[in-house]
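Undergrad: Under full-length UniProt numbering, the residues of the sequence shown are numbered 1 to 853, in order.
Simulated from the structure, these hints should not be mistaken for lab results. All clues given are correct.
Now the in silico label distances, taken between C-beta atoms and shown as ranges: (1) Thr556 to Glu146: 25 to 31 Å; (2) Ala69 to Gln217: 40 to 46 Å; (3) Gly371 to Ala65: 46 to 52 Å; (4) Arg835 to Tyr768: 44 to 50 Å; (5) Glu785 to Gly207: 41 to 47 Å; (6) Gly371 to Pro423: 16 to 22 Å; (7) Glu807 to Phe120: 55 to 61 Å; (8) Gly86 to Glu128: 22 to 28 Å; (9) Glu87 to Leu752: 44 to 50 Å; (10) Asp555 to Val483: 32 to 38 Å; (11) Asp555 to Asn705: 41 to 47 Å.
Backbone N, C-alpha and C fix where the C-beta goes; we use that ideal spot for every residue, glycine too.
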Amino acid sequence: MNAAATSDSLQTLIVIGNGMVGHHCVEQLIARGALERYRITIFGEETRRAYDRVHLSEYLNGRDAESMALGEASLYEQDGVTLRLGEPVLDIDSHAREVITANGRFAYDKLVLATGSYPFVPPIAGAEGNSRLVYRSIDDLDLIREAASGARRGVVVGGGLLGLEAANALKSLNLEAHVVEFAPRLMPVQLDEAGGAALKARIEALGVGVHLSRATQDIKPGTQYRYRMRFAEGAPLETDLIVFSAGIRPQVFLARKAGLALAERGGVAIDDRCRSSDEHIYAIGECASWNGTVFGLVAPGYQMARIVAAELCGAPEQAFSGADMSTKLKLLGVDVGSIGDAHGATPGSRSYRFIDEAGSSYRRLVISEDGKRVLGAVLVGDNSYYDTLLQYAQNGIAPPADPSSLILPQGQAAPLLGVDALPATATICSCHNVSKGAVCDAIDGGCTDLAGVKACTKAASGCGGCAGLLKQVVEHELASRGVVVDKSLCEHFAYTRQELYAIVRVSGAETFEEILASHGRGHVGCEICKPAIGSILASCWNRPIQDPHLVPLQDTNDTFMANMQKNGTYSVVPRMPAGEVTPDGLIAVGMVAKKYNLYVKVTGGQRIDLFGAQLHELPGIWSELIAAGFETGHAYGKSTRTVKSCVGSTWCRFGVQDSVKMALDIEHRYKGLRAPHKLKFAVSGCTRECAEAQSKDIGVIATENGWNLYVCGNGGMRPRHAELFATDLDDATLIRYIDRLLMFYIRTADKLQRTSVWRESLEGGLDYLKAVVIDDSLGLGAELEAQMQLVVDRYECEWANALSDPEKLKRFRTFVNDSQGDPDIQFVQERGQPRPAPARAVQRVIPIAEEIV
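Let the hints inform the model, and build the full structure from the sequences given.
TA: Now the structure itself:
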C-alpha cells in the first residue's frame, strides 16, 4: 500500500461468502491492487477458509481438510484484509449500508454477495435426522460418515452431477449404494436419452442401483433397514441413510432482506457487470442470475469474480455474456462429457451418434445445419475425445468433410486435432479463462515447465479438467522453442519410464531401493514410481513378485495374485493354454468351485474364471489347482493373459495349419512376461478368423504357406484393428518377430500404455516398427531376443512359489489374529450359481492384511 492510501482515504469492501468463487474474487481484487482503494472484510459461514469443493469426494477417501484449502493462508493475513470465519451475516441494511452479524454491525461502501447456493430437499414427510443428509460441504461429509457407521445401504435422491458424486461417496464408505432420480434418465441436464441409458448401464455394472422416474412420497421406519422410502410408482426401497442431492437453489436470503431484485427463477438479478439492483452491491457465482440463468459450475463464477474485481479496481473488463457449461467428469469411475448444445436444440442442427451397447459407450456430435460448426457433444464411457471436440466447438474450427469421423472408434476416426492447430484465442482453462496465447506468454516470460505455467496462469487449478490439454500445449510450445521438456516419471525420478528401463538394464539393479538410491530422490517413492519400477523389474529379471523386496511395489491384485472384485472377494483364473483342458482338469476345476462355493464363468479368452474366493481361501484353492496340473493365469497382472485359438487343422475342415499347437507354443513361451500393460494373443487356423486374431495385441492367422502376423490391436474401450505386419512366416521366424516386437514395446512404451496406443505414438508408424523388428535397423535384434529368452528361462508359477514359502502365505489372511474368513460375506443362489448378495465390501480388512507385508 502506498503512503497516499491512508486508512482514512480507503473505502470499505465487504465480501459475504468464502467459498471457491468468493475466494477467487478476493484473490483477483488483491492481484489488481484493490488494497490501494479498499479495506476488505470477508465473512464466512463455515469455520474453515475456502476449500476445493470440486474434489469434495476425496475427503472421504482419506484426503485431509487442510490440504483442500485454496491458496495460501497468508492471502488473508495482509494489512487491509480481515477474514471473519464462523460468523454468518444475518441481515443487510442496504439503506445504512451495513451488514449485521451476531457480533455487531459493519459498514460498507461496496458489497459483494458470494453466498452460493444451498441443497434443495423436497418436502417429503419423514425426511429428518439421518434420513435428511445433504452433500455440499466438509461438515456434510462428516455427518454422512457418522451416519454410515454400522449402516449397510445408502440412497441418494437425485441423479445429477452431485448425486452421482454422493453415490460414489457412499460406495467409498463400503455401503451398498442406490440412486433415485425423478427424471427418466440420469444427468438429465447434460445428457440425452441414449447418453443417460449408457451411463445407467455402466453405473449399474459397478453395483450401484439406479431407480428412474421415482418420486418419493414419504419416508417411514423400515423392516430390514432403518428407513422405508415409498414412491408414487414402483416398489418401495429400504435404506439406512438418505442423502438428498436433488438440485441446488441460489442462496438469496440476505438479498431478499436487502430488497434486491430477484430473478423469476431464483437468484439475484445482475447485469453484464454483475451489479444488482442496488448500485453498491454485486452478486457472483451460484447466488446470481444473469438473463434468468443461474450458472452451477465454478468456471462461470470465476468469470464473474474477475469482472467484479476489475470493475471495483477501476479497470473494467469485457462484460459478462454468459458462460460455457461444458463439463468433463469422472463419476463413479465412468467418463462423462457434455459440450455446448448437447441436446441438439439449435434449429436445423444435425446429430451423429456412435452407440456401443455391449460396452455401454455412447457419443453424440451435434453439427450446425450448414455443416460448418460443431455445436455440441455428449460423451459417455470415453472422454479421450473431449478436448478435441471442445476446441472445435469453442473456436469455430470447421469439422472434417465427414463429421462422424470425430466420434468414430480409434482406427476409423479422423486424426485428433493437434495443439499446434489451435489458435492463440483457444480457451485451455475455462475456470480461470486461460487461453493458449496466455500459456505461450507465460512460457515466453520464463516458465520452463508445467508447474511454472500452472503457477503463473492458474490453469488446471480449478476443476482440473483441462490438465491433459494444458500438458500437451506446454510440451508442444516448449519443444517448439528448443526447450527440453521435463517428462519426469514423478517427483522421485527425473526420468521417463523408458529411461528407467534402460537404467535397470544397464545397471543390473534388481530392487527399487537400489534404483532410488542411485538415480532417484527421497527415501520411499510413491504410488506412481513404485508400480512402474516394479513392472520394469519384472519385465527385465522375472523374479517372483512375492519376494519380500518386490511385494511393496505391487498393487492389490498383484499383492494377493488374484483380481479383487467389487464386494472385496477375489477371482481365480487358472491358466488354460490355448483354451485347451483335459477332462480330468475340467473336473478338478469343477470340484474346486463346488468345494469353495465359487461362481463359475467361461471368459472371452477361453479360460474359466472362479469368483467369490475370500483372501484366506486363495492358498487352499491354488494348492488343489496346482495339484491338478494348473498354473497361475496371471489374470491379475499387467502381463500375458491369454492366447485364444480355434481348433485349426486338427478338427476343422477349413483349417490349413495347427492353430492349437501354435497357440500352445506362444502361450507357454510368453506366459511369464510382464509388460507396461496386459497382453492378449490369438491364433486362427485359417482366414475365417474364428479366434478373432485381428483384435489382439498379437494376432496370428494361418495361411497355406505359414503364418500371417498382425500386431497392436485392441478390443477394449477404444477398439483398434491389428495391422498386418508380416506374411507367410515359418514357425521360427514368427516367434523371432514376436520376441523382438514385444521386447521393443516393453523397452519403449510409457507406463500403462497398451500396444495399440504405443504403436500410434511411434514416429514413422508401422514402417518404422517393421524396420526395427524385421530389418533390424537399430541392430537390436539379437539383444531383444536374448532378453526375451532370459524371461522365458526364469519362468515359474507365482502361486507355486508362494505356496512353498510359509512366510509368503502369512499375507493371505483376512484378519491378523484369526485364520477364518469375513463373517459378513454371504452368498445367494441365482441361476444355480452362487452370487454375492448385497453386502458391505470386505475392503476394510485390506489394510490389516497389508500390515503383515
